[in-house]
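**Student:** Residue numbers (the numbering used here), protein chains in the order written: chain W, 1 to 256; chain R, 1 to 353; chain Y, 1 to 299.
Just so you know, the hints here were simulated from the structure itself, not pulled from any lab data. Be a bit skeptical, because a hint or two may be false.
In silico lysine-lysine, PhoX-like type, Cα no more than 25 Å apart, as pairs [unchecked claim]:
(1) R:Lys-3 <-> R:Lys-338
(2) W:Lys-54 <-> R:Lys-338
(3) W:Lys-126 <-> R:Lys-338
(4) W:Lys-129 <-> W:Lys-109
(5) W:Lys-129 <-> R:Lys-328
(6) W:Lys-71 <-> W:Lys-129
(7) W:Lys-126 <-> W:Lys-108
(8) R:Lys-3 <-> R:Lys-215
(9) R:Lys-6 <-> W:Lys-126
(10) R:Lys-338 <-> W:Lys-123
(11) W:Lys-109 <-> W:Lys-123
(12) W:Lys-202 <-> W:Lys-244
(13) R:Lys-215 <-> W:Lys-109
(14) W:Lys-54 <-> R:Lys-6
(15) Y:Lys-286 <-> W:Lys-71
(16) W:Lys-196 <-> W:Lys-171
(17) R:Lys-215 <-> Y:Lys-178
(18) R:Lys-6 <-> W:Lys-244
(19) W:Lys-5 <-> W:Lys-202
(20) W:Lys-54 <-> Y:Lys-286
(21) R:Lys-215 <-> W:Lys-244
(22) R:Lys-338 <-> R:Lys-6
(23) W:Lys-71 <-> W:Lys-5
(24) R:Lys-338 <-> W:Lys-129
(25) W:Lys-71 <-> R:Lys-328
(26) Y:Lys-178 <-> Y:Lys-286
(27) W:Lys-196 <-> W:Lys-244
(28) W:Lys-129 <-> R:Lys-3
(29) W:Lys-108 <-> R:Lys-3
Going by beta-carbon spacing under 7 Å, a handful of chain R positions derived as facing chain W [claimed, not checked]:
(30) Pro-102
(31) Leu-187
(32) Ser-191
(33) Arg-194
(34) Ala-205
(35) Met-209
(36) Gly-210
(37) Ala-212
(38) Ala-241
From the three backbone atoms N, C-alpha and C, an ideal C-beta is built for every residue, glycine too.
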Amino acid sequence: MSILKLESVTKRFGGLVALSDFTVTIEDGEIIGLIGPNGAGKTTAFNVITGVYKPEQGRVTFSGRDITMLKAHPRTAMGICRTFQNIRLFDQMTVLENILVAMHIRLKKSIFAVVSGSPGYQKREKEMKEEAFELLRYVNLDHLANERAPNLPYGQQRRLEIARALATNPKLLLLDEPAAGMNHQETANLMEFINKIREEFKLTIFIIEHQMMVVMGICKRILVLDYGKTIAEGTPREIQNNPKVIEAYLGVKDSA
Amino acid sequence: MTKQRKIILLVGALIVSGFLIYANFFFDAYVLRVLNLIAIYMSAALGLSLINGFTGQFSLGIAGFMAIGGYSASLLTLPISVKESIFFIRPLIWPFNSLELPFIVGVLFAAIMTAIFSFLIGFPVLRLRGDYLAIATLGFSEVIRVVSTNTITITNGALGLKGIPAFTNIWWSFGFAGFSLFVIWRLINSSYGRAFKAIRDNEMAAEAMGIALFKHKLLSFVIGSTLAGIAGALLAHLLTAIDPAMFRFFLTFNVLLMIVLGGMGSITGALIGASIVTFLFEFLRYLDSPMELGFITIPGAPGLRMVIFSTLLIAMILFRRQGLMGDKELSFAWIEGKISRFFGRKGGENVNS
Amino acid sequence: MTLTHFFQHLANGVYLGSLYALIAIGYTMVYGILRLINFAHGELLIVGAFIAYYGILIFHLPWWFSFIIAIALGALVGMSLERVAYRPLRERGAPRISLLVSAIGASFFLQNLGLVIIGGRHKSFYRPPFFAQTVQLGDVTVMNFLFVLPIITIIILGIVFFLVYRSKTGMAMRALAKDYPTARLMGININRIIAYTFALGSALAAIGGIMYALRYPAIHPLAGVLPGLKCFIAAVVGGIGNVPGAVLGGFLLGMLEIMGIAFFPHLAGYRDAIAFIVLIIILSFKPTGLLGEQVVEKV
Chain W
1 MSILKLESVT
11 KRFGGLVALS
21 DFTVTIEDGE
31 IIGLIGPNGA
41 GKTTAFNVIT
51 GVYKPEQGRV
61 TFSGRDITML
71 KAHPRTAMGI
81 CRTFQNIRLF
91 DQMTVLENIL
101 VAMHIRLKKS
111 IFAVVSGSPG
121 YQKREKEMKE
131 EAFELLRYVN
141 LDHLANERAP
151 NLPYGQQRRL
161 EIARALATNP
171 KLLLLDEPAA
181 GMNHQETANL
191 MEFINKIREE
201 FKLTIFIIEH
211 QMMVVMGICK
221 RILVLDYGKT
231 IAEGTPREIQ
241 NNPKVIEAYL
251 GVKDSA
Chain R
1 MTKQRKIILL
11 VGALIVSGFL
21 IYANFFFDAY
31 VLRVLNLIAI
41 YMSAALGLSL
51 INGFTGQFSL
61 GIAGFMAIGG
71 YSASLLTLPI
81 SVKESIFFIR
91 PLIWPFNSLE
101 LPFIVGVLFA
111 AIMTAIFSFL
121 IGFPVLRLRG
131 DYLAIATLGF
141 SEVIRVVSTN
151 TITITNGALG
161 LKGIPAFTNI
171 WWSFGFAGFS
181 LFVIWRLINS
191 SYGRAFKAIR
201 DNEMAAEAMG
211 IALFKHKLLS
221 FVIGSTLAGI
231 AGALLAHLLT
241 AIDPAMFRFF
251 LTFNVLLMIV
261 LGGMGSITGA
271 LIGASIVTFL
281 FEFLRYLDSP
291 MELGFITIPG
301 APGLRMVIFS
311 TLLIAMILFR
321 RQGLMGDKEL
331 SFAWIEGKIS
341 RFFGRKGGEN
351 VNS
Chain Y
1 MTLTHFFQHL
11 ANGVYLGSLY
21 ALIAIGYTMV
31 YGILRLINFA
41 HGELLIVGAF
51 IAYYGILIFH
61 LPWWFSFIIA
71 IALGALVGMS
81 LERVAYRPLR
91 ERGAPRISLL
101 VSAIGASFFL
111 QNLGLVIIGG
121 RHKSFYRPPF
131 FAQTVQLGDV
141 TVMNFLFVLP
151 IITIIILGIV
161 FFLVYRSKTG
171 MAMRALAKDY
181 PTARLMGINI
191 NRIIAYTFAL
201 GSALAAIGGI
211 MYALRYPAIH
221 PLAGVLPGLK
231 CFIAAVVGGI
241 GNVPGAVLGG
251 FLLGMLEIMG
261 IAFFPHLAGY
271 RDAIAFIVLI
281 IILSFKPTGL
291 LGEQVVEKV
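Bound-form chain W, shown alone (with noise of 0.2 Å):
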């Protein structure tokens, strides 16, 4: 059973058409990565995905669940999460804070507990420090557990970022554009640590990026959107010859 499916979504704003009977079918532990030109339609995929939008006609199934309606934070608890095209972390919390809010979920205690201080909720806030400081040291972000978030380098809260991601146990993990900004070194590392959590943590990835040396180099399938419909679909070395995908949009070859 594929972890993912979208079957025929169409999300419409207004007039506007975001997504267009987009189909993609996705297996576990796969790493898809979806590329398109700015405004293609390829945040809105990922937020039909998480939720965020309930689309128009179309169906998303997860695990074979279907969800198109379902609300979106359950959809965490269920496995799917995602990081955001421009970083949202929480801007008045520290590293670890981060970290522990995504583990929210999963504390399984009532307020009462906690207001108490029942032995229960301290055992349980315990045990979620020690797993949170644990994917800092994973992540090599330990050392600033206790700094501000906004005070890391732009590199350090977008690693931050997917390490708060992964705190939620997630199956299938949704990055957008996790390299953006960076340089060719800091992207060769993000491509390494992404393939590393996707064996470590057995997740299913899907990508957006515009970064060519990212899509390519770790992207088993790649989705190719235009004007919200998909113009293409295959491997790498099959979208990079594919005409239509070099006439909407091909980002410049990178000078590996």
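We have chain W; now place chains R and Y onto it with these hints.
**Tutor:** Frame of chain W, contents of chains R and Y only:
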């Protein structure tokens, strides 16, 4: 909490209790009243701080909830004979007209009523954002005020309730302030507190991390408003008389000023803000009434106090929008640091900031 | 209710609706551009009334001249308000809540400054003899300003519509309201346009305030609060940010208020609560109001 911190807390509690005992004994009635007011407003400010400051939901309805709390409690505790005499236009409805219950029951009833009302009001209102939420909560607060002015058989209308037993004393007011402080402090430093702050910082990201937005906003709204409701009950039993005019937007403005002054995302800030504003409000009372300076009398200017307060609010938001404390707290680490410095490095090695 | 009474109420309703419409426009224009509820707008209407009052009382100006001065000074007060309480926050990129808090502060400031300067007792607004004249329409005796002023309102609305929809400045205003960041890049002098918006809105509020004082001559520094809030509600009902919507909302609310109490006199005490309940219903079910457009937030 470490043993050291438990000791600091205990010493602090002893100092405060000692001060309260002394105050109760030696201070005159007026000063005691101001102290009681400070404690009551601390609780209300903490409640508003939870909603506005920590969860980022800009509610302007706190006066309405204090009204609900004040009236609910008083209707239960007012002696039956007093009820008969003050409800002279239309009699009070049953069951209130035949009830006369102890203070604690009144306070609990106030809490329950406020919780119910805030729960119900939260449904339409918490779906809104920013200024719309502000105006809707303000609207509800005003509706409560207008309804209490008109439902003469429950609230005695514009005449209000008089002769409320003066049950509130320094132990009740500071006790409840301590309770509110405990609840809010525990809440904010918990996973739920982080969820609230996440909603404030970036609602969209919070939702993406699985946090049920509406449920948490409602939780924060109900808890904060209920604290304010109980504060209202305590207020009623301090002033011994309440009327709808007491709970107009003016009251919300004052509590708002308290948390803006103190710092909207800070517990310590709410306490400091409440103390300063309540104190100033009493201290500047002389500006509103005529002043005798030897042989000249400067006529009072009612409203001058509020001119100063509103200037203060605007100045704070213009020049120091984060308030006095920002989102920092009086932390144990800070206290420990000061203590070790005072005692010259005694135990200072234990301090980790 | 007799037909006579009905027409009386109708005339009152149209009158109240007109002044609500004028004041609501100010709210909606400011909200459209700044996304700010100018809490202090309600104060501007009573400021206009009082300037006119003192113009007549102290400076012995002819009433029509005093009215004009009041409108001009009202515009000035509105612009100063923006300059002092809102612009610094806007330029610093402060969160919108800060603007709201500042607006609340400004509102209380003006109210209480009025109390300090003018005092808490009601003053009696001068009703020019021209306005006190009555007109006979069949059985109905109506004070003529109940007709004259709505007609003047229509003329003023015509001018406002011309300014907003046919002038270059109006176009700039609408551009800023539609897409603030892009409009800035188009070389529009934001500060000037916003000042202009406040000036226009405040002038209209002052006119509304004078109309209000003519109808309810007992004026008081705090008398602007409730009408101000109701006009905001009117703007929301019509669709906040939408000028024709504000006019529609204003007339609707004015008519509803008068006719509602006319048909249900025992609800008179609740008239203010009704306005708020209408607001909450609108916000809950159709937050964009009657004529407003759905604004989609970009992720």
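**Student:** Would you mind marking each hint as holding or not holding in the structure?
**Tutor:** A quick look at each hint next to the structure:
1. Restraint check for Lys-3 of chain R and Lys-338 of chain R: satisfied, since their Cα atoms lie roughly 18 Å apart, inside the 25 Å limit.
2. Taking the CA atoms of Lys-54 of chain W and Lys-338 of chain R, the gap is about 55 Å. The hint is violated against a cut of 25 Å.
3. A distance of roughly 29 Å separates the Cα atoms of Lys-126 of chain W and Lys-338 of chain R; the hinted pair therefore is violated under the 25 Å criterion.
4. Of the supplied pair hints, the one linking Lys-129 of chain W and Lys-109 of chain W holds, its CA atoms being roughly 15 Å apart against a limit of 25 Å.
5. Pair hint Lys-129 of chain W plus Lys-328 of chain R holds up; C-alpha atoms about 21 Å apart against a cutoff of 25 Å.
6. For the hint pairing Lys-71 of chain W with Lys-129 of chain W, the CA-to-CA distance comes to about 28 Å; that exceeds 25 Å, so the pair is violated.
7. The hinted pair formed by Lys-126 of chain W and Lys-108 of chain W meets the criterion: a straight-line CA distance of about 14 Å does not exceed 25 Å.
8. At most 25 Å may separate the alpha-carbon atoms for a hinted pair to count; Lys-3 of chain R and Lys-215 of chain R exceed this at roughly 36 Å.
9. The straight-line distance between the Cα atoms of Lys-6 of chain R and Lys-126 of chain W is roughly 19 Å, inside the 25 Å bound, and the hint therefore holds.
10. Restraint check for Lys-338 of chain R and Lys-123 of chain W: not satisfied, since their Cα atoms lie roughly 31 Å apart, outside the 25 Å limit.
11. Between Lys-109 of chain W and Lys-123 of chain W, the direct Cα distance comes to roughly 11 Å. Compliance with the 25 Å bound is thereby established for this hinted pair.
12. The hinted pair formed by Lys-202 of chain W and Lys-244 of chain W fails the criterion: a straight-line CA distance of about 34 Å is larger than 25 Å.
13. This hinted pair checks out: Lys-215 of chain R and Lys-109 of chain W have alpha carbons roughly 14 Å apart, not beyond 25 Å.
14. Restraint check: the Cα-Cα separation between Lys-54 of chain W and Lys-6 of chain R comes to about 51 Å, which exceeds 25 Å; the hinted pair is violated.
15. Taking the CA atoms of Lys-286 of chain Y and Lys-71 of chain W, the gap is near 21 Å; set against the 25 Å cutoff, the hint holds.
16. At roughly 15 Å between alpha-carbon atoms, Lys-196 of chain W and Lys-171 of chain W fall within 25 Å of each other, so this suggested pair holds.
17. Between Lys-215 of chain R and Lys-178 of chain Y the alpha-carbon distance is near 33 Å, which puts this suggested pair outside the 25 Å criterion.
18. For the hint pairing Lys-6 of chain R with Lys-244 of chain W, the CA-to-CA distance comes to about 70 Å; that exceeds 25 Å, so the pair is violated.
19. For a cut-off of 25 Å, the pair hint linking Lys-5 of chain W to Lys-202 of chain W stands: about 19 Å separates their Cα positions.
20. Between Lys-54 of chain W and Lys-286 of chain Y the alpha-carbon distance is near 19 Å, which keeps this suggested pair within the 25 Å criterion.
21. With a C-alpha separation of about 47 Å, the suggested pairing of Lys-215 of chain R with Lys-244 of chain W is violated against the 25 Å cut-off.
22. With a C-alpha separation of about 16 Å, the suggested pairing of Lys-338 of chain R with Lys-6 of chain R holds against the 25 Å cut-off.
23. A hinted pair counts as satisfied when its Cα atoms are at most 25 Å apart, and Lys-71 of chain W with Lys-5 of chain W qualifies at roughly 17 Å.
24. For the suggested pair Lys-338 of chain R and Lys-129 of chain W, the alpha carbons sit about 29 Å apart, so the restraint of at most 25 Å is broken.
25. Between the alpha carbons of Lys-71 of chain W and Lys-328 of chain R the distance comes to roughly 35 Å, so the proposed pair goes past 25 Å and is violated.
26. A C-alpha spacing of about 20 Å is found between Lys-178 of chain Y and Lys-286 of chain Y, which places the hinted pair at or below 25 Å, so the restraint holds.
27. Restraint check for Lys-196 of chain W and Lys-244 of chain W: not satisfied, since their Cα atoms lie roughly 33 Å apart, outside the 25 Å limit.
28. Proposed proximity of Lys-129 of chain W and Lys-3 of chain R is supported: the alpha carbons are some 21 Å apart, at most 25 Å.
29. At roughly 29 Å between alpha-carbon atoms, Lys-108 of chain W and Lys-3 of chain R are farther apart than 25 Å, so this suggested pair is violated.
30. Taken as an interface hint, Pro-102 of chain R does not check out: its beta carbon lies about 25 Å from the nearest beta carbon of chain W, beyond 7 Å.
31. Here the hint on Leu-187 of chain R is kept, as its CB sits about 6 Å from the closest CB of chain W, short of 7 Å.
32. Below 7 Å, beta-carbon pairs count as interface contacts, and Ser-191 of chain R has one with chain W at about 5 Å; its hint therefore holds.
33. Residue-level restraint check for Arg-194 of chain R holds (minimum Cβ-Cβ distance to chain W is 5 Å; threshold 7 Å).
34. About 4 Å separates the beta-carbon of Ala-205 of chain R from the nearest beta-carbon of chain W, less than 7 Å, and the hint is met.
35. At a threshold of 7 Å, the smallest CB-CB gap from Met-209 of chain R to chain W is about 4 Å, leaving the interface hint in force.
36. Here the hint on Gly-210 of chain R is kept, as its CB sits about 3 Å from the closest CB of chain W, short of 7 Å.
37. For Ala-212 of chain R, the interface hint holds, since its Cβ comes within 7 Å of a Cβ in chain W; the closest pair sits about 5 Å apart.
38. For Ala-241 of chain R, the interface hint is violated, the least distance from its beta-carbon to any beta-carbon of chain W being 34 Å, above 7 Å.
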